[in-house]
Structures are given as structure tokens and as C-alpha cells.
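Trainee: Protein sequence lines correspond, in order, to chains A and B.
Going by this note's numbering, the first sequence opens with residue 1, and the numbers climb by one from there.
Going by this note's numbering, the second sequence opens with residue 1001, and the numbers climb by one from there.
Simulated from the structure, these hints should not be mistaken for laboratory data.
Yeah, the Cβ is synthetic: ideal placement off N, Cα and C, and Gly gets one too.
Accuracy of the hints is not assured; some may be wrong.
As the list claims (entries may be wrong) - Which stretches of chain B does chain A cover? Using the computed rule of at least three CB atoms under 8 Å from a CB of chain A, they are:
{"#": "1", "stretch": "1280-1286"}
{"#": "2", "stretch": "1480-1493"}
Stated by the list, open to error - Okay, the calculated beta carbon distance ranges per label pair:
{"#": "3", "chain 1": "A", "residue 1": "T133", "chain 2": "B", "residue 2": "Q1653", "range": "39 to 47 Å"}
{"#": "4", "chain 1": "A", "residue 1": "T133", "chain 2": "B", "residue 2": "E1577", "range": "40 to 48 Å"}
{"#": "5", "chain 1": "A", "residue 1": "P272", "chain 2": "B", "residue 2": "F1515", "range": "48 to 56 Å"}
To be verified - Listing some non-contacts, in silico: residues in chain A with all C-beta distances to chain B over 10 Å:
{"#": "6", "residue": "P72"}
{"#": "7", "residue": "P262"}
{"#": "8", "residue": "R342"}
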Amino acid sequence: MKYTRSFRRHVLGALAAATLAAPIASTGGCSPGWVSSNLVNGLRVFAVTADKPYAQPGEEVRFEMSFYDGYPDPEGDGPRPVQILWIGGCYNPPGDLYYGCFPQLLKTFQSLGESGGNLPPGLIGFGPTFTTTIPEDILSQRPAPDGGSKYGLQFVFFFACAGEIKPIELDPSGKAGFFPFGCFDAEGNRLAADSFVPGFSQIYTFEDGRTNQNPPVAGMTLDGEPIPEDFTEAPTIKACPSTVDERRAVGCFAGDPYENCPEHEIDLIVEPTIAEIDPGEMVGGEQIYEAVWVDWLVEAGDLTGGGISLISGVTEGYKDEHSTKWIPPDEPGLYQIWGVVRDTRGGSTYVQRYIRVE
Amino acid sequence: MNVLPYQKSALALVLAGFVAGTSSSPALAQTAPPGDAPAASAPAAPTGAAMPRPLNYQPPVYPPEAEKAGLEATVTLQLDIDKTGKVKNVVVIEPAGHGFDESAVEAAKKLEFEPARKADGTPAAARILYRYSFALKKAEPPPDAGAGDKPSAAQTREALRGVVLASGGDVPLAGATVLLSGPSGQSEATVDGDGNFRFDALGPGKYRVIITAPGYDALDVTEEIAAGEAIEVKYRLVAASDGLEVVVRGARAPREVTKRTIEQREMLRIPGTNGDALRALQNLPGVARPPAIAGILLVRGSAPQDTQTFLDGTQIPLIYHFGGLSSVVPTEMIERIDFFPGNFSAQYGRVMGGIVDVAVRAPKNDGKYHGMAQADLVDARFIAEGPVPGTKNKVRFIAGARRSYLDATLGLALDAAGAGITQLPVYWDYQLGLEANPTPSSSVRLTFFGADDSIALVADQPPPGEPAISGNAGFHTGFHRIQLRYDNDIDDKNRFSAVAAVGIDQLDFAVGPFFFNLANYSISGRAEYTRRIGKGITLNAGLDVFSNYADAKYRGPAPPRAGEPSGGPFSTRPLIESEFSGWIVNPAGYVELEIAPTGRAKLVPGIRIDGYNRVDGVDISPRVNGRIDLTSKFPRSTLKGGVGAYSQPPQPQETIPPFGSSGLRSNRAIHYAIGAEQEFTRNIELSAEGFYKQLDRLVSQQPSDVGGGTERGNLGKGRIFGAEFLLKYKADANFFGWVAYTLSRSLRTPLPGAEEQPVSFDQTHILTALGSYRLGGGWEFGARFRLVSGNLTTPNVCNFEQAGCIPNRANAIYNAAVGTYVAIPYSGPFSERFPMFHQLDIRVDRRFRFKSWQLSIYLDVQNVYNSQNVEGIDYNFNYTARQYVTGVPILPSFGIRGDF
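Start from the sequences, fold in the hints, and give me the full structure.
Mentor: So, in C-alpha cells, the structure goes:
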């Protein structure tokens, strides 16, 4: 009987594979696909948190980067040291688009190169934090909008490198998009793209003076119990014996990779009032709130409950259910889980906890 | 049953043909022109031209062994008739074996015809189909059978005598059956070799007379015989349409530059198409290979929306069901397809690319019921046709329907196999036509048709980056039309055709709480009057009106608000609901002359005027096409060319704020074409054509100077150029095939000052070679090979195998405010070409003939050697790696079909 079922299964599978047209093949239905974006296996920047996501002209804003290098280290020396370069000095680019800053920055650096003067504050910075000042004319140089409060926008660029940052030659053809820095190891070898992260963040300024706070998060839970911040008190759970390769072999005759593996619920400790009012925005005559969600990231294992959860919606408000499910890896060890909470107005908070797997 | 051997009928059937040379054209794409009298089935005979008319009749000998065995058969022949009317060559198209084929060929060689004539009256060689039907006749009843008492002296005087002829040629229709029913009961007579029949010893009264002959429309009349009267009658039967041939043409010779024909046999047998007529279009020169699951037509480097599809003259929004698995009309319902890759005549407008006009065939007119059923691994279909009961064959119907069942069958198989996909597309379509002939020269057809596609996907958790999406996603599209069509060959100089339709198009899209519903209620009409105003000069004048009431409902995320970093999840934005409704009215008129100064030349100047209520300005589009035969004898050599202006209104979403901009003008193109056709043998012909399309006023968008958003304007321009070659072996009894090659380039300059760039579907080389051979014994084998340049893409990660690729380049920039990566395109728009596409498809058919029906089975295997053809690139979340997305793997399909 077992043989019969198996035979039938393979016949049906062969029939399916043979007759189903492109949709399956073209979507990679029979291939394992990419490693999940929620698995941290290289240098990752989780968040760039501004102490004032909305700031006023002349105010000082401090950015702090949260990151982790999950690159497997064959030498066992732990995470690689990370260099971080910051570049400020761009505001109100055309179209509010980040690449509208490039001509502006080029002009600034050319001017500096010609004059040989000192770098103005807030233009260049190094390390995990960076401080800049909102220009006084960020609002005055913008035209009044058709409706709502006038606003300005300032961009901050960064380059995080698990090695040494060096300038690189630009594509002489000018066709390729570029970023003018590369990341190199101690021997001068240019490192692969999962060892550096170029990026940007932005701060809004409103004429009506509105503010935005980063969403407050009190902690993280495992199966309903708070996880201590101290990793020595990390909770312990059992490993799931399924290997990484077995877990990736989805579809096309694959079995259940999580058979006999318990799922663990991961959640954040937040207040129902986590979302702020979004001033001036109404829908159906009712005030709306900023939306708040959490991106889940793990050092190992699988997020079977999804990599993103909505905490509070713009109209429906706080959602009671915003947890995810995690199945631990097969290898015992101490593993990190991150929850990066963001609101739709540029606010962010990140939480990190350890879980021991044995 | 008591039977006597008898040759019931051996009848000529002029089904289709082609008249060499040039002549005028139909008023509408589907219609036959004036002066094309006898062959109701002839799809391509032009105005002023005449089909060959039989001058004699040669009955074939009934093969003695077949007669003894009680076999009946039908043999279809292809006759090459020279311009003196002599039969020069006979080829068996539909063999029957058992000696029928030889007998039919021998008889056909003795036939004589009035030769075909061109528009200017000069004789021309022609190729026609001709059918002989062999049937065993029932035994004549004994003289007293069923008559009862001996008739009185007065009764014996009443009689009906007459002759039955083929309309148009006065050829006796030997073997035709005359069925008489009336006061004295029912009698049957068979027309003799001179076309005569008679019924004697009838009583006075009304008699119904039904005359039938294979290949001809049945004639049903009533005769009244007075006491003591003997009447003499003459009946003429009109050749019937039985859909033996479907024609696909690049353009009809009179009005356009090129003409290409695919017969139905070819269409049903092209490997890799599952016998789908419209998918067969993709094998013609000038048609690019669409992506694996895209049901689109890419004609001469134009965008998919630049080519418009009509069904019997009425615009339809779709040509293919989901994924291009099949077209929205079954091949068996199609009479022919007019395909115009460019330089089309002034009767068509509102597009800059090509035109596909599909003609649904008329119901069979032999007074009998016919049917077809077919099933394969994807769908099942049926067609039924015949006279509408109670109408005495004055009204005929044809009805068809089809539904896919991938969801019911393959879904279960996939689920059982653990493929993780249980939702598959569902499609269906239907057609119902009613046709009548109010007068012998006119026809009225009422048609209902439609198609529907839907798919639903279950999402049990939010997709990456969109925390507020939950629930199912669904997509549905469909259309329905009610169409009334009227054609009238008023006389040999005048013709009028009109078609009007009302319909609805539906487009529904839903993802979680978001949806977009669009209903378009359309009213459209076309009318054309054709008049031959002098020797070699024909005038066409027409109106073409399209109006549409759009009713759209939208619930979705609001545009990004001030203070929200861009690039974040759209599902977290506030929901907004909005509705839009309004009229789009696009009237047009055109005038065209067809000038044939000699029998070998044709010039077609025309002008079209288009107006649009949502677009600024009126478009005046002059066009001219011409062709000339360099020789009047075989082998034919033809030069051809044309130039014309074409306009296309912006897409609705481009003109409707806030998505679009007001004040736009139509897109514009100028088509140039020049080419030649050369016959080598009766079966082998080469055609070559060069084309150039200059595009301007293309609608494109650019970022707003201040703040976010974009603006649209007529800012773009472009050019498309290339050459097409077709070496074709026309179908004979055993083989058909062709090699088509297209060399082309399609370039656009989206904004002033921007660099000119190719479009994504620019395919430099397109080579298609196909053929199908009848092996005998009902077996047929075919193969198709395609070699096509890969599509273009804008890479975000360079190909590591290509020189100059920097593997450690920063391919994306991280937007920390929202936690997503934004790709930094590498080396400019559409700068990387996918590897060359190559694929071999094969098809094997086996046909079983039975007395009154036939059964066919086929195996169609796409991508025999499982070529991993690239259709796209997939990137990981932060653009540090890439992998090719490949298309259709080896894909066998099995089908079975029965006809009666």
C-alpha cells in the first residue's frame, strides 16, 4: 500500500511537472529560491534611529546606527570590525528623491576642494553615531504646497563596511549607477557586497511644528514570557533536527521539513498607544494614526510566521496580534533575534534578545 | 437495408481560393467583396475578381471494390487552373483511399473551367479546392410502394419536372437529391447526369421540395400544383461554406502591402501551439516572441498595446487567455484571420502597431447538424451547428463553448505532488451566432461572444515588506459582446457592410483590502460603402466609431503623504476609495481609392480622420499602398510598398488625473514599407519586406520639478526598422512548412535630450522554421524550431560571466527609514540582453476515419530538449546576487477530438 501511494504520488508529480506550463517554472516553484531576507548572514544595518525623526530648522539631530555582522567567521574571531562613514549636507533635493542629492553633494565637495577650507559641521562623520543640524532655510526655500503644512526634507547618507572604506574609481562610461566608496579587507581585497551597506536616512521638518517620536518598545517575549536583556539569562529551547538543506528543499516532492519541530511564538512588548496621531490627515472625517510595524530578523532558524507584522494600522489602530513564529535551527547555540519597529513617518526602534538552543 | 450501388454525388465545391494578381477588397475585414458571387465560402476573392466557374461536369467512377464493400467517402482535391481554364495539376488534399482518390483525380483532370479573372477582367491562374463525394444510394422504391390505390387518370397528369444546376456556372448537379413531400406522400429522386429529375403521378396540392447536394447549401421551396398541371422548375444551388480553410494574411493584397496565408490545416498542425489559430500568428515574420507566459502580440517592434484585436470587426480587449495558453476564440470557430503588421489601410486606426481581425465563420448551410468535441490536458470544447429548428434552414446557428480545467485536475495533482501551488487560472469562452440571408446577395448575422479569465491566490501571511496585506489576491478579466452584422452585395458595382456591437469589458483586481474594479460599456460601429466607379477604380468610404463608458471603482492606499519617507510599505497607508466614470468617444471616417491602371498594378491612396474627446486635436492620417506584378506569367514577381500616418490615443490612465495628465495629444507614427514577392514553383514562394516606423509625440513621464510625483507629456520619440523574410512551401497533399526570419531594431527616446535606448522586447533576430509531413495511414508529424535573440533588461547586478562586471559593486542603497533596499541600475536602461532563445517543438497526429465521423488524437510537445530559456532575472533582497528565471520546461500536451 505504501508503494502504491508513493507510486501514485510520483506519477502525479511527474504529470504536474510535465504538463504545468510556465507559471511554475518561471516562478521557480521547484527551486529553493533565495535565502530569506530575515536571516542575518552578512553585514546588516537594522535601523538608523534619529532622536528627532521630525525636527525644526536649526535643531540638532543625532543618528544612531544599529547593525550586526552575521558573516560566518572561519577563524572564530567573532564579528568583523565595522567602519561607518556619514555624509550629510543635502536637503530638499528635486522630487524629494535621494539621488537628487548627488549633484548637490558633488557641488559641495568640488567647492570644498577648490577652496581648501575646513569641512562644515554635519557634512562628514565616522562611527555608529552622527550629528547634524537642520538648515535654517529648509522651509523658506520650498514653495507652499497645494494643501497641508509646508515641509522640508534633509537626507543623510552612510556607508557601513566590515573592513576598511576606500574611495574607488568611478565607471568611466558614466552609464552605470555608482557609489563612490568600496570596502576592502586588511590585504586590500575589495570585499563582496554582503560586507558593506551603503544607505541613507531622512528627517522631515514641518512649518506647523509637528513632531514624531520613535515607537516605544518595552521588550520581547518567547512563548508569552519576557526574554531578559542579559544573554546569560536567555531562555532555552530545543533544536529542530531538520538541516538547512532539508528546510530549503520546498515543493516538488519535498516532505515537511518541520515535522516534530515545535514552533515558538516571538512577540514584542508594546503599549496599545504606540502609534501617534498623524496631524492633519483625515480619512472619512476621522483622524488617522501613523502605522507601526515590526521587521523580524534572526541569526538562525526559520520565521514560519512571517518576517513582518503590523502592530498598528492607520485607521484600525492597535492590533492585538502582532507576533511571529520561529523554529530554531538544528545546531545548538546562543542565537540572536531582532525586532525592528518602524512607523510610517521615519521613526524606528530596535530590540535584540538572545535565545539558547540545545 | 436494401441498397443499390450508385454514385450519389460528385460535386464541385469551390471553397476558397485565391485569385492571382490584384483586385479590390472587402468593405470590412471579414467580408467578401462585390462581384464575388458564387462562392459564399471563398474568403479571399476580391472585388471585381471572379473565381473559376465550372463549364462541364465529369462524374468519377465509383471504385468497384469500395462499392461492393459498401464504402462511402469524400475526396477533396486541390486544382491548379491556368488562365485558359484548363486543369493543370491535381493534388489530393483529403484522401480517402480504397480507390476513391484515383477515381477523383482522373475525373478532375477532365474538368474545364471559365478561368478566374482579375479585377480588370483579365484571366488569371487560380488554385481552388474541389470535392467529390461518393455515396451509396438507397434502392429506388418499387413503383407501387406506398402509393396505395392506383392513381386516377386525372392524378397521373400532375407532375413536377425540373433541372438542378450549380449557381454561377449552369453546371448540372448530378447526384443531387430532391425530396418531395405533399398530399401524395414523400418521394425522393436523384438528379441525373444532365441535371434533370422528375416526379410523376402526383396529386394536386402544395408540395415541399428540398434539394440537397454535398458541398452546396440546401434549397427548400414550396411548389403548388393545380389539378391536371405539370410544372417545370429550375433550381440553382449555391456552394456552401464548410470552413475547410482558414486564412491568415499579413495584409490583403488590394489595400495593404503584404499578404500571407496560413491554411487551416497548417494552423491546426503547427507544433507548440496546440492547434491554436491565434498562437499560430506568432510564427509569422515581424511578430516577436512573447515572454513565456505573456499572452501578448509584439508586432514589428511595437508595444503590446499598439496592436489591436477585432472579432468580426468589433474591438475586443484580449486575444489570449491567461498566460497565452490559448486564444479567446477556438480555431474551429474561425473562418480566417486578417493580420496587418503595418501599413494597414485607412479602414483601421487608433493604433500605431498592427491589426488582428478574426472572422468567426458562418454556420454550415447544408441543412444538417454538425458537431465537434475536443479535450486536452488544459481545456475541453465543443461546437454545434446547423439549421435552427422550425426555420427551414433559413436561419442557421453555430454555437461553441470552452472551459479550462487546470484548476480541477492539475491543481489536485500539484497538491498531491507537494508543489505548493494549488490555485491555477480558470478560463472559459463562448460563441453563439445566428445567420440568415434576407436576399441571395445579403446576409445578417447576430453574434454573442465572450471570454472570462480568473485566478485567485491564497496568502496566509503578509508578503515581504507589506505588513498590512492579508487575505487572498485575485485577478479577473472578461468581455462580452452582442454584435449585429449586415453585408449586402447590392450588385456587381456596389456593396455595403456594417457591424455594430454593444458590450462590456471587466477588469477586477483585489489584494487583501484593496481592489480595483473597472467596467467598460462599449458601443461601437463600423460601416463601409464600396463602389466601383470606373474600370479599375473602386471607392471605399467608411465610418468607424468607438465609444466607451468607463466605470471604475478603486479602494487602495492613498498616495504617499508629506512626512512619509518614500519606499515604505504601501499597505500601511490610509485606504482611500474613489470612483471614476466618463465617456470616451472616438469617431473616425475614411475614404480610400483602389486604382488598378493595369491588370498587374494596384495603388491604394486613402485618408483617415480621427477625433478623440479626451485628447487634444484631430488626427489626419494620409496613407498610400501599392503593388505591381513584374510579369503576368508564372512565376510571379511582385514589388510592393507603402507609406502612411498612424495615430494612437494615450492610454486611459494617462489622461485621467491624478494618475494621468490632461492636455495630451495622440501618439503618432509614420510607417514606411517596401518589399518583393517571388514565386519559384507553384508551392514555393519567397517574400521579403523592409520596414521603417518613425514615432513621435509619444506619451512619457518625467519627475516634477518641485516636490514628489511625475508629469506626463508628449515628450518621447522613437524609430523601428527592420526586414522580414518568408520562404514558404505552400501546403500540398503531404507537406507544408516555412522559414521566417525577421531582423529588427526598436528604439525610443523617452524624453528630449535623453539617450536613445532599445525597448525591452527588441529582438534583433527572430528565426522560425516549421514543417509538417503526412506519413500515411492517418499519421502526421511536425516540428518547429525557433531561434530568437533574448529580450533586453536593465540589470541591477551585472552578469559575473561578462567582461567588465564588477562583482563587488554596490548594487543597491539601503533606505534605513523604511528598511528596504533600492536598486542602483547597472550600465543604463536595457543594456543587457538575455541569452539566445532556442526551442524545438514537435507534434504527432493520428486520424481515424469512420463512416460518419472521424477521431483525431495528437501529442504536442513543447521544448523537446528542455532548453533553459531565460525570461527574466531574479535578485535577492539586497541585490548582492542574481539568478536567471527560465521559461517553459519540456511540456507535453495530449488531446483528442471527434468531428461529425
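Trainee: Hints first: check each against the structure and report whether it holds.
Mentor: Hint by hint, here is what the structure shows:
no.: 1; hint: 1280-1286; in the structure: violated (count 0)
no.: 2; hint: 1480-1493; in the structure: violated (count 0)
no.: 3; hint: A:T133 to B:Q1653: 39 to 47 Å; in the structure: 43 Å, holds
no.: 4; hint: A:T133 to B:E1577: 40 to 48 Å; in the structure: 42 Å, holds
no.: 5; hint: A:P272 to B:F1515: 48 to 56 Å; in the structure: 29 Å, violated
no.: 6; hint: P72; in the structure: 15 Å, holds
no.: 7; hint: P262; in the structure: 19 Å, holds
no.: 8; hint: R342; in the structure: 6 Å, violated
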